[in-house]
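Engineer: Using the sequences provided together with the hints, build the complete structure.
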Amino acid sequence: RFFFFLFFLFFLMIRRPPRSTLFPYTTLFRSLYEAAEVDGATSFQKFTKITLPMLIPILFTSILLRIIWVANSMDVIYVMTGGGPGYSTYTLPLYSFIKAYKFMDFGYASTLAIFLTLFLVAVVAGYVVKVLKSQGSME
163 RFFFFLFFLF
173 FLMIRRPPRS
183 TLFPYTTLFR
193 SLYEAAEVDG
203 ATSFQKFTKI
213 TLPMLIPILF
223 TSILLRIIWV
233 ANSMDVIYVM
243 TGGGPGYSTY
253 TLPLYSFIKA
263 YKFMDFGYAS
273 TLAIFLTLFL
283 VAVVAGYVVK
293 VLKSQGSME
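Yeah, the sequence shown ends on 301 if you go by our numbering, and it's all consecutive.
Source of the hints: derived by calculation from the structure; they are not laboratory data.
Worth double-checking, as some hints may not be accurate.
What the hints assert, rightly or not - The list that follows gives simulated cross-link-like pairs (lysine to any residue, SDA-like), each with its CA atoms no further than 20 Å apart:
no.	residue 1	residue 2
1	K261	Y240
2	K292	F281
3	K295	V283
4	K261	S235
5	K208	A198
6	K211	E196
7	K292	P219
8	K264	L274
9	K292	I229
10	K295	F222
11	K261	V232
12	K264	Y249
13	K264	T253
14	K211	A197
15	K208	I220
16	K292	L226
17	K261	M242
18	K211	R192
19	K261	M236
20	K295	V285
21	K264	I239
22	K211	S193
Fair warning: this is a prediction, and the values are worked out from it, not measured in the lab.
Structural biologist: Below is the structure:
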């Protein structure tokens with residue numbers, strides 16, 4: 163089964179989708195830039211009024227995934243730096259781990275872990291609500 167899974171992933175990586183499915187909105191974007199050019203917009207105005215609003219959902223998703231990744235990367239930080247020098251590489255999961263297993267303060271560490279979990283749930287729930295509202299699914 164594992165070999166089939168690896169073969170499937172390899173197939174997905176080498177398969178090239180048709181250009182029309184990869185960039186379905188290129189003509190729409192091109193027409194927006196052409197209309198802005200006809201209206202006399204500068205390149206800065208095109209960036210702030212057309213490009214940036216199109217990139218905001220992508221940037222928001224990237225930031226959300228980065229927050230989740232940092233929350234899950236405690237082991238890498240602990241193995242590589244141990245939280246040092248000083249407290250410069252402390253993250254909330256690493257701090258919780260050190261409080262629990264180095265200082266044996268399990269109550270405080272579990273409170274930190276619950277706080278982190280609730281924070282991540284709130285961030286993801288806010289993102290899901292925003293995406294559903296933008297798609298018109300929630301009314």
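Engineer: Next, verify each hint and record whether it holds.
Structural biologist: Results for each hint:
Between the alpha carbons of K261 and Y240 the distance comes to roughly 13 Å, so the proposed pair stays at or under 20 Å and holds. Distance restraint check for K292 and F281: the Cα-Cα separation of roughly 17 Å lies within the 20 Å cut-off, and the hinted pair is therefore satisfied. Of the supplied pair hints, the one linking K295 and V283 holds, its CA atoms being roughly 18 Å apart against a limit of 20 Å. Restraint check for K261 and S235: the C-alpha separation of about 17 Å stays at or below 20 Å, so the hint holds.
For the hint pairing K208 with A198, the CA-to-CA distance comes to about 7 Å; that is within 20 Å, so the pair holds. Of the pairs offered as hints, the one joining K211 and E196 holds, with about 13 Å between alpha carbons and a cut-off of 20 Å not exceeded. Of the supplied pair hints, the one linking K292 and P219 holds, its CA atoms being roughly 10 Å apart against a limit of 20 Å. Between K264 and L274 the CA atoms are separated by roughly 15 Å; this keeps the pair inside 20 Å, and the hint holds.
Between K292 and I229 the alpha-carbon distance is near 17 Å, which keeps this suggested pair within the 20 Å criterion. Distance hint between K295 and F222 is fulfilled; the C-alpha atoms sit about 15 Å from each other, no more than 20 Å. For the proposed pair K261 and V232, the alpha carbon gap of about 18 Å is at most 20 Å, so the pair holds. About 15 Å separates the Cα atoms of K264 and Y249, which keeps this hinted pair within 20 Å; it holds.
Distance check on the hinted pair: K264 and T253 sit about 15 Å apart at the alpha-carbon level, within 20 Å; holds. Between K211 and A197, the direct Cα distance comes to roughly 12 Å. Compliance with the 20 Å bound is thereby established for this hinted pair. Between K208 and I220 the CA atoms are separated by roughly 18 Å; this keeps the pair inside 20 Å, and the hint holds. Between the alpha carbons of K292 and L226 the distance comes to roughly 13 Å, so the proposed pair stays at or under 20 Å and holds.
Distance check on the hinted pair: K261 and M242 sit about 18 Å apart at the alpha-carbon level, within 20 Å; holds. Pair hint K211 plus R192 holds up; C-alpha atoms about 14 Å apart against a cutoff of 20 Å. Restraint check for K261 and M236: satisfied, since their Cα atoms lie roughly 13 Å apart, inside the 20 Å limit. Using a Cα cut-off of 20 Å, the hinted pair K295 and V285 holds, with the two alpha carbons roughly 15 Å apart.
With a CA separation close to 15 Å, the supplied pair K264 and I239 stays within the 20 Å bound. Taking the CA atoms of K211 and S193, the gap is about 14 Å. The hint holds against a cut of 20 Å.
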